[in-house]
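Listed below, chain by chain, are the residues.
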Amino acid sequence: MPDHTRRPASTSTATSTATSTETAAVAGRRRLWRAFTRPQRGQVVVAVLLAAVGFAAVTQLRTTEADSSYAGLREQDLIDVLSGLAGTTQRTQAELRRLQDTRDDLQSDTQKRQAALTEASTQVDNLKIIAGLVPVTGPGIRIRIEEKTAEVNVDSFIDLIQELRTVGAEAIQINGEVRVVAQSYFEQAAGGLVVDGEVLEPPYVVEAIGDPDNLDAAVTFLHGPQYELENDGAAVVVTKATSLRITAVAAAE
Amino acid sequence: MIAALGLLVGIVLGLIFRPDVPVGLELYLPIAVVAALDAVFGGLRAYLDGIFDDKVFVVSFLSNVLIAAGIVYLGDKLGVGGQLSTGVIVVLGIRIFSNLAAIRRHLFHA
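Quick mapping for you: the protein sequence lines, in order, are chains X and F. FYI, the working numbering numbers position 2 of the first sequence as 2, with every residue one higher than the one before it. FYI, the working numbering numbers position 65 of the second sequence as 65, with every residue one higher than the one before it.
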């Protein structure tokens with residue numbers, strides 16, 4: 001088909017072409033209009049074919065819309081879809097494994113940290129008890145020392161404390177006021193004892209937490225602290241308790 | 001007028017009867033529709049050019065449809081159905097575009 005592009009009618013040779021194009025276009029439109037307004041019998045065949053096209057087009061449109069399955073696909077297309085899905089599955093599974101590994105790593109890491117933390121906090125608790133920074137409750141013995149005929153000798157008193165420590169007394173307090181710790185000191189004073197700078201007056205009550213039987217044995221064995229203190233002229237009463245509460249705390253450094 | 005009515009009737013019939021495409025024709029109907037569209041636009045262009053002929057239109061319509069479907073069928077048998085149907089669609093698409101360009105020039109002078 002010749003190209004019907006319109007050219008500017010600037011030259012005499014182009015003018016005739018443009019005019020003929022113009023008339024042809026007008027004639028075409030007029031023909032179309034005439035076909036619409038004055039239909040002829042010859043159009044029937046065209047109408048039948050157009051009806052077939054419309055019918056087929058609508059049918060195909062509906063089929064395409066309704067058919068979301070793979071029924072209309074060729075074998076090769078189905079194979080492509082399948083291998084695509086297989087690839088996706090593989091990639092996804094690899095990703096899944098990687099994420100699971102990461103999760104396991106993180107979990108074991110967390111567990112290790114948790115264990116270390118528990119360990120550390122247990123240690124802190126133990127150290128606090130040993131340092132006498134916190135009140136403690138537990139089974140133990142109470143030793144009541146009453147001066148009868150003479151004052152208690154500080155050496156005997158220190159012997160008592162050392163014996164209690166030797167058998168594993170976890171916490172010791174005297175008269176409910178002074179917590180005995182590693183750096184505690186004892187001094188003889190007028191009318192009593194000075195422990196860690198505090199003046200304690202008789203009767204002295206020493207409370208120690210630990211295994212009551214062991215502690216009791218450590219005090220009452222032959223020529224032990226009880227004997228020494230009674231020798232000094234004091235009355236010593238040892239009572240076992242299933243639950244003692246030691247409230248005195250040593251000042252933190 | 002009758003032609004436009006025919007198109008309308010076809011569309012309405014398709015909407016009313018909602019036919020199912022036979023499985024054997026499922027691959028060829030879209031190609032056939034595109035080929036038929038090509039023939040229709042070719043016919044419209046010829047009409048506007050004043051060289052329309054009933055017989056030529058009918059023959060070109062039927063042969064277009066049959067050849068397009070036949071090529072795809074052959075392609076399916078040879079194992080290159082997908083590629084061949086793409087090729088047919090491309091060729092028909094180009095023809096439809098050029099026909100529509102000619103029709104546009106006739107109707108809008110542009």
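In short, the hints are calculated from the structure, not lab data. Hints are not guaranteed to be accurate.
Quick list of the computed label-pair ranges, beta carbon to beta carbon [unchecked claim]:
| # | chain 1 | residue 1 | chain 2 | residue 2 | range |
| --- | --- | --- | --- | --- | --- |
| 1 | X | Glu65 | F | Gln83 | 21 to 31 Å |
| 2 | F | Ala110 | X | Thr89 | 49 to 59 Å |
| 3 | X | Gln90 | F | Lys55 | 53 to 63 Å |
| 4 | X | Phe36 | F | Ala110 | 14 to 24 Å |
| 5 | X | Thr88 | F | Phe108 | 24 to 34 Å |
| 6 | F | Val80 | X | Thr88 | 22 to 32 Å |
| 7 | F | Gly50 | X | Gly84 | 46 to 56 Å |
| 8 | F | Leu78 | X | Thr92 | 33 to 43 Å |
To give an idea of the chain X side of the interface with chain F (calculated C-beta under 8 Å), a few residues [claimed, not checked]:
| # | residue |
| --- | --- |
| 9 | Gly28 |
| 10 | Arg29 |
| 11 | Arg31 |
| 12 | Gly42 |
| 13 | Val44 |
| 14 | Val46 |
| 15 | Arg62 |
| 16 | Tyr70 |
| 17 | Arg74 |
| 18 | Asp77 |
| 19 | Val81 |
| 20 | Leu82 |
| 21 | Ala115 |
| 22 | Ala116 |
| 23 | Thr118 |
| 24 | Ser121 |
Idealized CB from N, CA, C, for every residue including glycine.
Worksheet item: Between threonine 88 (chain X) and phenylalanine 108 (chain F), is the Cβ distance one that fits in 24 to 34 Å?
Response: The hinted range 24 to 34 Å is violated for threonine 88 (chain X) and phenylalanine 108 (chain F), with Cβ atoms some 49 Å apart.
Worksheet item: Can we keep the alanine 115 (chain X) interface hint, with Cβ of chain F closer than 8 Å?
Response: 62 Å, violated
Worksheet item: So does glutamate 65 (chain X) sit 21 to 31 Å from glutamine 83 (chain F), Cβ to Cβ?
Response: 25 Å, holds
Practice prompt. Kindly confirm whether 33 to 43 Å is satisfied by the beta carbon distance between leucine 78 (chain F) and threonine 92 (chain X).
Written response: 36 Å Cβ-Cβ, so the 33 to 43 Å window holds.
Fill in: Evaluation of the interface hint that places threonine 118 (chain X) against chain F, nearest CB under 8 Å
66 Å, violated
Fill in: Per-residue hint verdict: arginine 62 (chain X), partner chain F, C-beta under 8 Å
Nearest chain F Cβ about 6 Å off; hint holds.
Discussion item. Quick check on arginine 29 (chain X) please, does its C-beta sit within 8 Å of some C-beta on chain F?
Written reply: 6 Å, holds
Worksheet entry | Satisfaction of the hinted span 53 to 63 Å by the C-beta atoms belonging to glutamine 90 (chain X) and lysine 55 (chain F) | Hint holds: Cβ distance 60 Å, inside 53 to 63 Å.
Fill in: Interface hint status, alanine 116 (chain X) versus chain F (Cβ within 8 Å)
63 Å, violated
Worksheet entry | tyrosine 70 (chain X) as an interface hint toward chain F, with CB separation required under 8 Å | 12 Å, violated
Item to complete: Would you settle whether the hint for leucine 82 (chain X) is holds or violated, based on the nearest Cβ-Cβ distance to chain F being less than 8 Å?
Response: 15 Å, violated
Practice prompt. With chain F as the partner, please determine if valine 44 (chain X) meets the hint condition of a C-beta pair closer than 8 Å.
Written response: 6 Å, holds
Against the hints set out earlier in the document, violations occur for numbers 5, 16, 19, 20, 21, 22, 23, 24.
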